[in-house]
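Line by line, the protein sequences give chains A and B. Using numbering that gives the first Met the number 0, you'd call the opening residue of the first sequence number 0 and step up by one each time. Using numbering that gives the first Met the number 0, you'd call the opening residue of the second sequence number 0 and step up by one each time.
Check each hint, because a few of them may be wrong.
If you want the footprint, here are the derived chain A segments under chain B, 3+ residues with CB under 8 Å [as the list claims (entries may be wrong)]:
#1 80-89
#2 120-128
#3 131-137
#4 225-235
#5 286-298
As a list, the in silico BS3-like pairs of lysine-lysine whose alpha-carbon atoms are at most 25 Å apart [unchecked claim]:
#6 LYS380(A) to LYS164(A)
#7 LYS164(B) to LYS241(A)
#8 LYS357(A) to LYS586(A)
#9 LYS357(B) to LYS164(B)
#10 LYS14(A) to LYS50(A)
#11 LYS164(A) to LYS241(B)
If you are wondering where the hints come from, they were derived from the structure by calculation, not from laboratory data. Yeah, the Cβ is synthetic: ideal placement off N, Cα and C, and Gly gets one too.
There are 2 protein chains.
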Amino acid sequence: MPQEYEIEVTEDDRKFSAAEGANLLEALQEQGYELPSLCGGLGLCGKCRVKVLAGKQPPTESDRELFSEEELERGMRLSCRVEVEDDLVLAIPSLAQGKSEEATAKSDLDEQIVDVEPDSGIKRVVLDLENPGRGDQRSDANRITDEFEGSYSFPLDIMEDLPEKLRENDYSVTVTIDDSSGSLLSVEGGSSQYESYGMAFDIGTTTVAGYGLDLETGRTLNVDSRENPQGKFGADVVSRIKYVRENEDGLDRMQSEIIRAINELVQGFVDSRNIERKDIYRATFVGNNIMLHLLTGVDPTHLDQAPYIPAFTDPQTFDAEELGVKINSGGKIVLLPSLAGYVGADVMAGVLQTGMHKSDELNLLVDIGTNGEMVLGNRDKMYAASTAAGPAFEGANIEQGMTARAGAISHVSIDDEGQLELEVIGDKRPIGLCGSGIVDTVGELIKAGLIGEKGGIVSEKSALPRPTINPLGNRLIDMEGEKAFWLHVDNNPVFVTQQDVREVQLAKGAIKAGIEILLEEFGATAEEIDRVYLAGAFGNYLRKENIMRIGVLPRVDLDKIVSVGNAAGQGGKLALINRGKMDEVNKIARDVEYVELSFRSDFTEKFMSAMSFPEAGE
Amino acid sequence: MPQEYEIEVTEDDRKFSAAEGANLLEALQEQGYELPSLCGGLGLCGKCRVKVLAGKQPPTESDRELFSEEELERGMRLSCRVEVEDDLVLAIPSLAQGKSEEATAKSDLDEQIVDVEPDSGIKRVVLDLENPGRGDQRSDANRITDEFEGSYSFPLDIMEDLPEKLRENDYSVTVTIDDSSGSLLSVEGGSSQYESYGMAFDIGTTTVAGYGLDLETGRTLNVDSRENPQGKFGADVVSRIKYVRENEDGLDRMQSEIIRAINELVQGFVDSRNIERKDIYRATFVGNNIMLHLLTGVDPTHLDQAPYIPAFTDPQTFDAEELGVKINSGGKIVLLPSLAGYVGADVMAGVLQTGMHKSDELNLLVDIGTNGEMVLGNRDKMYAASTAAGPAFEGANIEQGMTARAGAISHVSIDDEGQLELEVIGDKRPIGLCGSGIVDTVGELIKAGLIGEKGGIVSEKSALPRPTINPLGNRLIDMEGEKAFWLHVDNNPVFVTQQDVREVQLAKGAIKAGIEILLEEFGATAEEIDRVYLAGAFGNYLRKENIMRIGVLPRVDLDKIVSVGNAAGQGGKLALINRGKMDEVNKIARDVEYVELSFRSDFTEKFMSAMSFPEAGE
């Protein structure tokens with residue numbers, strides 16, 4: 000029986016015991032502490048941070064990446080990466096309501112400055128105005144607008160309050176103007192120059208992320224997320240469209256669920272920074288186009304049947320109030336542009352974030368989820384396509400697939416001796432495979448010669464190199480007539496089946512064929528690709544060599560592959576804080592040429608051939 | 000006892016008797032028929048028209064001015080000008096709900112085409128769109144916007160209905176676009192190209208007029224008016240401001256009253272043309288600036304004390320929905336610009352209508368009501384001022400003053416023999432004087448030598464020319480120590496007192512002094528004025544010679560004086576149907592220089608001296 004250690008949480012003075020080697024995040028969650036974790040315990044998001052006040056807990060590699068030297072010395076650690084090996088006394092910043100802990104959180108987030116000069120067009124200006132008099136009979140409104148070069152219109156509610164507002168503050172006010180709309184957003188008493196905020200939302204089918212930014216500095220002040228509550232109506236876009244079609248109030252319900260989640264994220268930002276909703280003046284939205292339809296209450300049902308027509312692809316601006324998003328009553332909701340029904344604002348925002356639309360080099364952006372979306376091109380021309388890749392890379396449709404959470408095998412490697420090594424999220428007993436685990440398994444089995452070019456798992460141990468001493472042979476099993484390869488055996492064995500390999504082939508074949516068609520359209524070969532951007536979590540945790548080995552991409556040098564994380568969210572932030580970036584993404588959506596793969600007669604042929612594993616032996 | 004005639008009304012088959020010589024409008028009103036009359040029975044507005052189907056009723060001069068030959072032959076008459084002298088069978092178009100009578104009304108109003116090419120920026124376009132297909136995957140929104148050169152945004156409610164609207168109409172729709180806002184205003188099934196309307200409102204302190212126009216043709220389709228219901232809170236702007244100051248909900252009540260009246264006028268237009276509220280896409284508003292503040296619910300209380308600061312003077316655009324004006328839900332309310340607190344959008348619209356801002360000649364626009372507003376200038380420079388002229392010219396503050404309605408002496412002339420001739424509205428027994436009556440009386444008395452240069456009514460009959468035979472002498476009376484001149488004697492005598500003359504002097508002195516200061520500012524003399532525009536009812540019914548004789552204006556040739564009627568309302572119509580005109584009036588308000596007379600030390604001196612009657616003998 001393993002050693003037990005004592006964990007003490009200072010916020011509520013509770014103590015509990017945890018086994019040696021236990022994952023600290025999970026131990027805390029088991030005790031009812033609601034620590035957020037966006038990345039599923041991958042040590043990426045930094046949300047599960049704790050402060051180790053006493054006890055031995057050396058920084059992990061993830062800690063070193065996320066925290067400054069000073070923070071490490073203060074004891075900041077990612078609880079998701081901590082294996083308990085001592086009695087610990089902890090502070091948990093995310094639980095704290097006090098100012099001091101907020102300040103701590105702030106210092107971390109202040110670092111997340113988006114790499115562009117802030118120019119949202121929303122400005123706060125402190126005005127100490129001349130009092131009116133015999134020589135100065137200008138109207139209240141002109142007394143303000145004369146301070147600016149452009150002309151600004153007054154919303155009715157601001158005009159109605161204006162005479163009193165000016166006089167009760169003796170003509171000293173802080174004014175918020177929006178250069179994009181040429182409108183005033185607020186007139187407030189006193190001087191409070193720096194209180195202008197915005198939010199960027201990334202509405203994923205599964206997860207809704209909200210970023211709170213300071214429009215003045217461009218700093219990200221808050222990152223938070225929620226499960227997309229529409230999940231209860233269907234896990235993927237197809238089932239949600241079906242729900243809308245089959246339920247009279249389906250669209251309304253979808254919309255109110257997502258708006259509610261957004262308002263929770265707004266409230267979270269407001270609470271975290273002790274600001275007010277009225278101080279949030281703009282919100283940008285990225286997401287796939289179906290999510291944007293559901294957000295705005297626009298029927299998406301024409302998107303699941305040919306010719307797949309969305310109601311809109313252009314950027315949209317609506318009044319926040321009209322949509323029920325509770326920011327400043329004059330605030331605007333800005334949807335970034337989509338390209339087509341299945342190449343959404345998330346992809347356009349990703350292009351923006353990579354900058355490939357301004358590059359002389361040939362870039363490929365691949366965003367893989369249930370659909371795989373890809374954009375190929377350079378400053379002169381760009382092509383984009385979407386494939387129904389199937390959800391294998393998200394761990395779905397896989398016999399023992401699961402999302403990337405504790406217990407999922409996230410990485411697999413097989414050495415030359417045939418020894419298998421597993422990496423399991425949370426260092427727990429493995430209970431299944433997530434997307435990266437399945438990709439690794441297939442990749443390593445190809446390398447080991449256990450999967451053939453057409454995707455078949457070998458049936459003969461003799462096919463192995465040095466078969467007599469290779470332990471892999473024992474892992475090949477026959478499961479009720481289906482070949483399989485086991486990764487872990489205990490009460491709950493984990494294995495990969497022939498059918499799982501087929502799912503991977505379908506997914507990667509669709510993506511690869513799509514890329515090949517884009518290359519043809521562009522008139523280039525794979526060798527000419529200068530850079531491949533992998534967007535989304537996919538790119539963050541997959542091993543490039545196995546991506547290449549299973550052939551998701553045409554053959555390119557591994558060092559051309561770059562992970563860009565949540566490029567969509569980053570693009571949304573860029574468009575939020577910089578008007579030029581908003582113009583840029585609009586131009587991208589106008590310039591990229593959409594290629595509808597499902598109408599291409601050559602797609603099927605390419606798809607069939609792309610399903611094979613050319614790196615495998617015959 | 001006078002002869003009685005029988006009047007029959009075909010609309011309800013009722014018959015009643017009326018005395019010989021009775022005014023037909025009044026006789027009808029006494030019987031409960033609600034005939035509208037905007038001009039108070041002056042034969043100007045044409046609202047009280049009836050159709051004489053049987054009976055002898057030759058056309059009057061007013062009839063000849065208002066009706067075409069054909070209409071006269073059909074029996075159209077202004078009931079306010081009819082003296083009953085036969086049995087009559089009548090049709091009353093304003094009572095009729097039927098189509099045929101509407102058509103009659105239409106043919107009259109069709110003539111009222113505003114003299115500018117319609118270019119409101121609001122266009123209806125019938126689109127027979129390509130169905131989507133494999134080669135055409137454009138979004139629903141782009142399928143529409145691609146038909147236009149510019150870019151147009153979709154309001155949320157239109158976007159939400161768009162997918163269904165397109166499909167249920169097989170992609171044949173009529174779209175309304177607004178080039179001013181770059182927004183779509185409607186997407187409707189089928190083809191209905193010509194259903195786009197607008198309204199121009201002239202919000203007077205006393206009367207609210209609403210003009211319904213066809214935006215496509217620029218035609219005025221409907222004219223209607225209401226008493227300004229704010230009247231119950233105070234007859235003039237000063238008492239309304241006082242009401243707002245002294246009642247917590249005063250501003251709200253003022254606003255809801257005027258909005259209700261506007262919505263009644265909207266409904267009247269809708270009913271008269273069998274259109275729908277949604278087909279009215281824009282409304283312009285002119286009025287004095289206090290009326291515009293009360294309309295928008297903006298506190299006007301800083302306008303009645305120096306330095307007289309309004310909340311706004313610039314043009315304003317608000318959502319009709321937000322203001323509660325029930326036109327198209329995406330329609331806009333446009334307030335024309337004011338120049339200052341007391342030189343309102345009505346005056347700016349008047350300048351627009353006269354075109355004086357584009358003239359090489361030196362023009363003077365004078366609009367006289369409770370305040371007198373005046374604008375002097377040409378294309379190079381313009382100056383404007385407002386004086387608290389006092390309400391004498393509206394018949395108020397005059398011992399026996401009254402508004403211009405039946406029984407008011409509207410014109411007075413005295414011939415060389417000293418014979419007096421009165422003109423009474425409705426040809427009734429006189430019961431008082433309206434503004435034009437008092438001006439005429441004072442003017443004629445000056446001419447007859449009965450009022451001296453300083454305004455005193457002569458006390459000596461000997462002052463009269465040919466005193467022994469001049470019957471005017473008998474009209475000079477002493478009323479409890481105050482000199483007076485009687486115009487009519489019966490049970491209810493009508494006379495003009497010395498104090499009345501003083502009121503006229505105050506009013507005309509203020510206006511004349513204001514004009515003199517504007518002339519100084521401009522650097523011109525009165526002789527250099529090329530044209531004087533008299534705006535409002537004032538100009539319509541005053542005799543130029545008496546305006547000049549009492550000295551409301553500096554001395555100019557009579558033929559330089561032009562009455563321009565309701566120039567404010569006309570200007571509002573221009574700005575409604577033509578964007579260039581809206582730009583023009585905005586430029587006018589920016590370019591005209593405002594002169595605050597109450598701050599001018601030289602005003603009092605000029606005012607004192609302008610009160611005299613230089614045309615009178617010493």
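Going down the list of hints, with the structure as the test:
Under a criterion of three residues with beta carbons nearer than 8 Å to beta carbons of chain B, the stated coverage of the segment 80-89 of chain A fails, only 0 such residues being counted. Coverage of the segment 120-128 of chain A by chain B is violated in this model, with 0 residues showing a Cβ closer than 8 Å to a Cβ of that chain against a need of three. With a threshold of 8 Å between beta carbons, the proposed coverage of the segment 131-137 of chain A by chain B holds, since 6 of its residues qualify and at least three are required. Check on the segment 225-235 of chain A: 0 of its residues sit with their Cβ under 8 Å from a Cβ of chain B, so the three-residue criterion for coverage is violated.
Counting residues of the segment 286-298 of chain A whose beta carbon lies closer than 8 Å to any beta carbon of chain B gives 4, which reaches the threshold of three, so the coverage claim holds. Straight-line distance between C-alpha atoms of LYS380(A) and LYS164(A) comes to about 52 Å, which puts the hinted pair past the 25 Å bound. With a C-alpha separation of about 20 Å, the suggested pairing of LYS164(B) with LYS241(A) holds against the 25 Å cut-off. Between LYS357(A) and LYS586(A) the alpha-carbon distance is near 11 Å, which keeps this suggested pair within the 25 Å criterion.
Proximity of LYS357(B) to LYS164(B) is assessed by CA-CA distance (about 47 Å); at most 25 Å being required, the pair is judged violated. A C-alpha spacing of about 16 Å is found between LYS14(A) and LYS50(A), which places the hinted pair at or below 25 Å, so the restraint holds. At roughly 20 Å between alpha-carbon atoms, LYS164(A) and LYS241(B) fall within 25 Å of each other, so this suggested pair holds.
Of the numbered hints given earlier, the model fails hints 1, 2, 4, 6 and 9; all others are met.
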